[in-house]
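There are 2 protein chains.
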Amino acid sequence: MQKQVFILFIFLISVGHLFAQNHPVAFATKADLLKVKNGLVGNQLLQKSYDDIKKSVDKWIDKDVDVPLPKDPAGGYTHEKHKENYTLMFNAGVLYQITGDSKYALLVKKLFVKYALLNPTLKNHPEATSSSPGRIFWQALNDANWLVYAGLAFDCIHDYLTSTERVSIADGAFKPIVDYFTKDITSWFNLIHNHAVWACAGVGIVGVATDNEDYVKMALYGTKKDGSAGFIAHMNGLFSPDGYYNEGPYYTRYAILPFYYFANAINNTKPELGIFKLRNSILQKALNGALQQTNLNGGFYSYNDALKDKTFISSELVVAIDIAWQVYGPNPAYLPVAKAQGKVILNLGGLAISNALAKGKVAPFYPYTPIEFTDGGKGDKGGVTVMRMGSNKNLTSLIYKYSSHGMAHGHFDKLNINLYDNGNEILQDYGAARFIGIQQKWGGRYLPETKTYTQQTIAHNTVTVDETSHYDGKEAESEKNWPLKLFSSIDSKKVQVVAAIDENAYKNVKMQRSIYMIQLPGTVKPVIVDLFRLLSTSLHQYDLPFNYCGSVISTNFKYNPSLASLKTLGTKNGYQFLWKEAEAKLNTPMAQFTFLNDQLFYTISSLVKDSAEAIFTRIGANDPNFNLRREPSYILRTKAANQTLLNVIELHGGYNAEAEIANGAYSSVSSIKLLQDNESYTAGMVTINGKELVIIQSNKVFDTKAKHQFNNGGLNIEWIGPYAVFYSNQIIK
Amino acid sequence: MQKQVFILFIFLISVGHLFAQNHPVAFATKADLLKVKNGLVGNQLLQKSYDDIKKSVDKWIDKDVDVPLPKDPAGGYTHEKHKENYTLMFNAGVLYQITGDSKYALLVKKLFVKYALLNPTLKNHPEATSSSPGRIFWQALNDANWLVYAGLAFDCIHDYLTSTERVSIADGAFKPIVDYFTKDITSWFNLIHNHAVWACAGVGIVGVATDNEDYVKMALYGTKKDGSAGFIAHMNGLFSPDGYYNEGPYYTRYAILPFYYFANAINNTKPELGIFKLRNSILQKALNGALQQTNLNGGFYSYNDALKDKTFISSELVVAIDIAWQVYGPNPAYLPVAKAQGKVILNLGGLAISNALAKGKVAPFYPYTPIEFTDGGKGDKGGVTVMRMGSNKNLTSLIYKYSSHGMAHGHFDKLNINLYDNGNEILQDYGAARFIGIQQKWGGRYLPETKTYTQQTIAHNTVTVDETSHYDGKEAESEKNWPLKLFSSIDSKKVQVVAAIDENAYKNVKMQRSIYMIQLPGTVKPVIVDLFRLLSTSLHQYDLPFNYCGSVISTNFKYNPSLASLKTLGTKNGYQFLWKEAEAKLNTPMAQFTFLNDQLFYTISSLVKDSAEAIFTRIGANDPNFNLRREPSYILRTKAANQTLLNVIELHGGYNAEAEIANGAYSSVSSIKLLQDNESYTAGMVTINGKELVIIQSNKVFDTKAKHQFNNGGLNIEWIGPYAVFYSNQIIK
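From first to last, the protein sequence lines stand for chains A and B.
Residue numbers for the first sequence follow the numbering used here, beginning at 1 and rising by one.
Residue numbers for the second sequence follow the numbering used here, beginning at 1 and rising by one.
Simulated from the structure, these hints should not be mistaken for laboratory data.
Note that the structure is a prediction, hence the values are computed from the model and not measured.
Just so you know, not all the hints are guaranteed correct.
Derived, one-sided and incomplete: chain B residues facing chain A with beta-carbon distance under 10 Å [said to hold, decoys possible]: (1) 437; (2) 618; (3) 624.
Glycine included, C-beta positions come from ideal geometry on N, C-alpha and C.
In isolation and in its complexed conformation, chain A is listed as follows:
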């Protein structure tokens, strides 16, 4: 590693003298932009995108655009104005290149002149609250956004400016911020984190635009230029070998724009680096991996601190898809996404996509498949699996998360599952508590309830032990370890399975969870079997919530509803936010809870042992500012040392409110049993549609070629591999 970096370093010095670039080259080359210009006519989406940009810029021509003294937090005037300004500069720059009309260049220049006067005077922003304060904005991250777009803009008008103007803008507008990043808050700039991706891209693009090789090197290799930080280190460190981004898909979305824009600029100026091919085309894998982690409406899976209204139509994904199309070649999978986006950027990819959309047939959805990601730069820190059955609108997706923590926006959610079906969230992750951009809501920042509730374990569909979150809710501890995948298989259309174990989230309890998604013969929807083993030598309280989305239809047990007053479920670790709407002592051999979501019924059937309770909760307690949505949960509580929870999630029937028809509204599960459960094997039996579904797994031998024999409870079974599924005495594979 050291050696490689050294060789790279020597190589860079040797190519340094080549530097003295034609411009533009960062966003696109002159030749590219000519093709875009010539392609406008007849390519509707490209033309529309161009028209929209032109309209947004033209209204500022001959106007004196305000460059205010930074004052307000996110959502406030100065914040939003500076955001508008960098977008305006970038768009006007591109228009200058496409139209050749100098009024656009002049607009950009005038703004740069103002920034060149303003930026050298700036100290930390008055509303700065983070450890990395900004200058133009409240946080440095936003200053990095500014650098990216302003850099692209400068590159576009480079040749319009005199050399004196170029120097004065580089020194006035850019240098103060670049210096601040690379000399003052160096540790932030050199951190492996999405903020620093933006920072590196910003410094690097400014470097490309202003012919400053020093900036480019710091951007690529960190302030020490030794590869210990910087863009390349980000490409190595933030993604697993299969493109999983450590912070989850919502943040992939955010980071992917600087990744693609800066890589594009580097690709145009240092093609010899082959940046888009690095790590087996890791940027392509990152993009495709993020798209695979969306719901049918394009919404990114909301684990970690995600906001649910963010989808793949966001501008970051427009940029990524359009550049990817250009550098990786045409990919029809992107067309439904591009169609939903309804716009392209004005590069060759945008031109080609616009052309393909006009000509070709577009599938209704991105081609979702079952997919498995490892986490960690080396792929050795757990992972995330998306199990999938069905197709198009009838897709069922279950996300099983056994990844590492995921930095500051990670949640304490080891072995969590989330379920999406028919485009709807069924078992949800709350995501983050935030009203982004809305000043009245804490300046648009992550609300305190993100830490105190949404990140806590009880907000997730996994077990909380003794009302304490995983790793006691300590991020630093949680970063040190991750679950271990025991076995998985997601290639079959009949049985998909993932099993993982966590031995670190709690000191005295090991958690082993296996999720089986099974398509039974003759049925429409898969059934999900959830085998959750809790191993301990001491007595604990185990709470397993199902954060269901939908309306309560029925239970097969009596419960005590809270009628005239409500109390909280607990006092800490997220429990203080939950009202207890009802509770039940479960004494039936099987507890069933059915809810309705949109057009389908869902039933959770649970094996009940002696001490089990069911609790219906609702978010809302201790929320004085109405920051949290009033979402429900169904929590199964048991008290034991060793305990194996066996739950079956059915997706059943159909409801058409328009036609007033409900069918299959009742569960088909009539019994659940554990046939055996010890360190060797766990075997469960579910009677469904009157037939026996048997799931048996090895708890210690995970070799896919190992032979197993099981003889118990009337079953005498042989099979190969860590698990087997039988239905009506037939093996299902």
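Model the placement of chain B on the given structure of chain A, informed by the hints.
For chain B alone, kept in the frame of chain A given last:
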């Protein structure tokens, strides 16, 4: 009236001998269906609709279709099977006519033979709970549904059957139900009510299909055949002269199918009645009025016992639009509706609409306009006004309801308002509590909480006095009176207004409410001023809820949130269902509450007097079966004798979560004052955007030509008509 009926009666006897009809004639004539058949090719929507029907029927050809002994309530097997059967019979009958293939007629005949054996044996349904029990189904209404479709089916296969078969089916399948309706539950059949519309249509269509003039007469004129009941009486009694249906738009939807189907059959057999022209084409007005009372997504306004997921794509509206197109002529306004419906019926209207959709340009939305309806057969029982500004997706609609009660599904909601904006519900009516068709939820019937909560006054955006609903929640009392409209004007694009008074809902309190929707110059969205005068000689508690939909963004006052426990707001009249999430003593001169819904901010600014309180509530208390949605409300509470509430509802700013941009998130209202408020005039002043908006109204002279002078608080104003609106000293009209 008596005389007219008598003449009609004589006329009918004289035309009776003409009876001996060609068949089919009820759904459509042979000639019509030939045109439909010939029109299939090239008319995509018609072809698709035909294909869908054919596919649904073909799978039953040569199968033995079950006609089970009635046993289950709605949602259960026998209920759903009999529903399927009548649809199957009707569809197969139409297919027989179009294709000429006798296999379809045979399928229908076989089913009729089974029903002819079953029906004579039936007593009241074992699950019957209503006062009008059914035989095939749990309630007679569903038996009426069966008659309508089975009648249409019989008509289609009339000529396929031998005369012996015809007699045996008429006597076995139809007569027991018709007799039951017209001899046993006569008072139900003769009631003016949507159930009886179905019953009359059923009996009448069976009459047309089986050449039974006696049935047709009872259907048209009631069992006494004197016009005191029956279909014509429904056309007179259930609609106001401008087509408002007494039970509200959700029920118009339900009743409109039998109205159109039976009218169509009568039109084909007794054209001399000119049934579609009756009361100035009242059935056309009813259809158009129902469509005007939908949200942009087609959802019927949810006042009275409505379910929110019912839209104009429902099959009833497909039938109505397609018949209307045929009998009233082409109407492009229906095309966006037909496009959303995605199907047509196989009649001439369906053919023509399919053709028009293929050829013509279709507007994005039904052409919504401001509209005013009277209520009551003579138009003298109050009414409903829909004020509207904006267009297409940016439409703002405010429904002001001052109608009569609306029968058993009416709510205690005098002077209620509901607000829709940009296709979203902003201030909602809960509608009904019901999971229609879902057996686990009380057999799919209206849930008890419909009476105990959703019909109660506190569930509405109008005043509850002393925690007691209007008319003390007694339907019989509420049916006796209705509010009086004082003045209104909805033609302007700048100012729309409706004022009404209610003197009967409470013994000691008169309620006068004026709603002004005002488009201020230079603004995007209208502002709404709500002037609610409460007149009494004794002290009362006045609660005015705003059942807002959205997320709490901010208040300009401090409140005490309920943190660790919740109590109910009250103990009866709906109050027992509301948790008190927060409360505030208001001591500012103006209270402001801002919430976010989708992409817009909404602020309610309220004039505050001494004793005012604000209460944030949430539905959910005393709801042991989770029958109610957990919706919020913002309730303003005052204690006084005379009290005038002055509230301003702003629709402001914009929020784009995808782009993370919020603008105009703050209210523009800086003060609210009452300049005068007595029996002569009420004058309010709102400072908005730093300018003065003055609204002044006469409280006793409503003549549109009367001159008024007002001299008070520095204002010296003259105007003509019951109200005037000034902004920045300019009158707005």
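Practice item. Go through the numbered hints given earlier and state which of them the structure violates, listing their numbers in rising order. Key: none
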